[in-house]
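Going down the list, the protein sequences come from chains X and Y. Just so we're aligned, residue 13 is where the first sequence starts under our numbering, counting upward by one. Just so we're aligned, residue 15 is where the second sequence starts under our numbering, counting upward by one.
Hints may contain errors.
Partner residues aside, some chain Y positions facing chain X, computed with beta carbon under 8 Å [as the list claims (entries may be wrong)]:
1) 24
2) 28
3) 30
4) 123
5) 127
6) 226
7) 227
8) 230
9) 234
These are calculated hints, taken from the structure and not from any lab test. All C-beta atoms in this analysis are idealised placements derived from N, C-alpha and C, irrespective of residue type, glycine included.
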Amino acid sequence: MPTIEVKQISKRFGQQIAVDHASFTVDPGEIFALLGPNGAGKTTAIRIILDIFKADSGTVSVLGGPMTEEKKNRLGYLPEERGLYQDVQMDRSLVYLATLKGLSAADASRKVDEMLKRFELYDHRKKKIKELSKGMQQKAQLIVTLIHDPELIIIDEPFSALDPVNTQMVKDLLREEREKGKCIVMCTHQMHQVEELADRLVLINEGKVVLYGGLQEIRRSYSGQEVHVHALTDLPVELPGAVRVEKDNSGYRIHLEPSATPQAFLQTLVERGVQLDKFEIAMPTLDEIFIQVVTTEGNLQ
Amino acid sequence: MNKVRAVFIHEFLTVLRSRSFLLTLFLIPLAGFATILIISNLKKDNQGTPLISIIAPSPEPKPLGLIDQSGIIQTIPESYSKLMMSSPDLESAQAALADEVISGYYVVLPDYLTSGQVDFYRSDFNPISGGNDSYVLSALLEENLLRADPQRLKLFQQPIKLETHFASTAPQRDPESALTFFLPYAVTMLFYLLILGSSSTMLNSITNEKQNRVMEILLTSMTPLQMLTGKILALGLIGLLQTAFWSGSAFMLYRLSGQTFQLPIEFALPVSLLAWGLLYFVLGYAIYASLMAGVGAMVPNLREGSQATFMVIIPLMIPLFFINTLISAPNGSISMFLSLFPLTAPIAMLTRLAATQVPFWQPALAAVLQTGTAILVVRAIAGLFRAQTLLSGQAFKMKLFFRALAGKA
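Using the sequences plus the hints, can you model the full thing?
This is the structure in C-alpha cells:
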C-alpha cells in the first residue's frame, strides 16, 4: 500500500491553475523527490496532500486514507516558509510544537532535550529563537519535523539557505530516516541536490506532471547519445558514429550520432585498436533532463 | 481536546510572560490608585489638599472693586473684605485696576431698583473664568435690600433643603453627587478597555504567528477550530485574571495608603452588577475576540490589522459617544436600544446598570441576544479561520470580511 496516493488532483487560484490533474504515488521506505521550477505547483500539491488546501478535484490518500487528526500526529512537515516563535525560548517553542503532535508534555520535554543534544543545540536551549544563528534555526526546525518520530516526512526545499556542512547533515539525516523505513518526500527546485538521494521522482511543470518514475530509470532512458571514454592510447581521427569529441579532465566526452548506439560505438573503438581504460554511458543530470523534457518533448500528461 | 489544552497553555503562558502585558498589568493599578487618591481628597476637602494644590495650583485671588451709584449698599461687611472693596468713583477704580490691586469692578447704576442693571469692568477677556464671581455682589445687594426682614433674608440666602425619596428599597446614591456620575463612567471605560484589550490580544496572537511563519506547522498539527478555541479560552481567562489583579491591587494599594476602605454609597456597586459584568465581559469578549480573530485571519500583518480593527470596534465605541445620554437618561429610548443591541450591549447595559435600576428582563434579554450573536459570530469566524485564508497573505478588504462573515467567501 503506497504511503501517499495522489489521483488527478487539480487546484486553481482565481485564473491561475496551480496544479493540473497531477497523479503519483509514494511508497514506504523511499525518498521521493517532488521536483519542478519555482512556481510549478509543488508547494500547492504538498499542501493538498497535507489537507491544508482542498483540491478542486481529484483524491488524495495518505497513510491509507483521507487525512485525519490522528494522522497529523504521524507526519512531520518542514514547510518552505521556515518559522518558529521568534520571541519564545527555543526549548519552550519546541516542547509546545511537539505537544501539538500528540506527545505528552513530559515526553516532549525529554525528547526535546535528546534532540537538542544530538543537534548540538543543548547549550543554546534557553535562548530566544531570534537570538540563534540561521543554521541553528534550521536545525531547530528539523527537530520540530522529526521529534515525534513520524512515519511520513515531507520537507519543502530541504537545502534552502543551508551551508555545505548543514546540507550534508540534512542529507545524512534523510538517509538515516530512510534506513529506519520512513517515507520521505523532498520538494525542491534544486534538482542536482536530490540526485544522490532520491529513489523516485515526479517532475512538475506549470502544474502538470511531466516526468515520473525511478531516478536511475529516468536517467538511463534519457541517456545514450553521450559516452565518457578513458583511453590509454590516442583516439583515431576518424570515428564512425561520433558527431563531436571533447577532451575533458580525465578523458573524452563523445557525442554520438542520433542513429548510433553506445554498444556499436564501443565495438568500433575496439575494432580500431583503442586501448580502453574506461567506457561509460554518460547519464544526463536532472536539470538537463528537465530542460529536454519541457523544450522538446512536451508534457507526458 | 489535548491540542486545545496545549494551545490554551501556550497562549496563556506566552501572554503572561510578555513584557508589554506585565507593564500594563502593573501600571493600570498605579494609575487607578492615583485617581482614587485624588477623588478621595476632593471628597474630603473641597478647599483643596496639598496634592491638589500641586496638580492644579490656583493663584492668590484679588478683590473686586464696587462703585455703588444707587446708594443701596451702605457698608461692606468684614467677612467680604477680602473679596470686595468699595471705590469712591470711576477714576479711583480704574487706577486700582491698572495697578492690579483689584481684578475688576462693578458699577451699580443709579436706577438699579427699576432696571436691575449692574456694569462689570475687568482687564482681561476670559469668558470661562470670572463669570461666577457676582455671588458676592448679589449677597451684598440682598442683605441691604432685605435688611428690614432678617427672617426672609435668611430663607432667601439658604439653599432649599431638597430631600429626594425613591420608590425602590435598594440603596440609593445621592443624585447630586459628582461620584454618581463618575461610577457609571468608570464602569463604562473599564469594560470598554477590558473587552478591547482582550480582543486585541487575539489579533496580536494570530498576526504574530503569521509573521513568525509558524501557521503552516500549526495547521498540519491541528484544526483551525482547535487553534481558535484554545486561543479564545486562554486570552479570555487572561482578561479575567487581569481584571481580578487590577481590582485586588487597587484594594491593596488603597489600604496601604492608610485609607479606610469605606466607599461612599455613590461608589457602592450592587453584587448583581458584578455578576452581570462577568457575564457581559465573557459574551462581549467572545463576540469581539472572534471578530478580531477573523481580521487576524485575513490580514497579512499587524499593521494592516490595526487599520481593519478600527472598523470592527466601532460598535464597541458607540456607547462612549452616547455616555452622557446613557448616564443622564438611562431608561430613555436611545439607552434602551444601545443596551439591547448585541454589539453595543456589553458596554451600554453595564453603564445603565451602574447608573440606575434596570428591570431584570432587560439585562436578561440583552444577555440572550448577545449569546445568540456570539454563537453566530464564532461559527462564522471558525468557517473563515481556515487554512487557505490564513496562508493567503492577501490585503484586507472590508467587503471580503463581511462576505466571509456571511459565509459567502
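Going down the list of hints, with the structure as the test:
| no. | hint | result |
| --- | --- | --- |
| 1 | 24 | 5 Å, holds |
| 2 | 28 | 7 Å, holds |
| 3 | 30 | 12 Å, violated |
| 4 | 123 | 76 Å, violated |
| 5 | 127 | 80 Å, violated |
| 6 | 226 | 5 Å, holds |
| 7 | 227 | 3 Å, holds |
| 8 | 230 | 4 Å, holds |
| 9 | 234 | 5 Å, holds |
Consistency note: the structure conflicts with the earlier hints numbered 3, 4 and 5.
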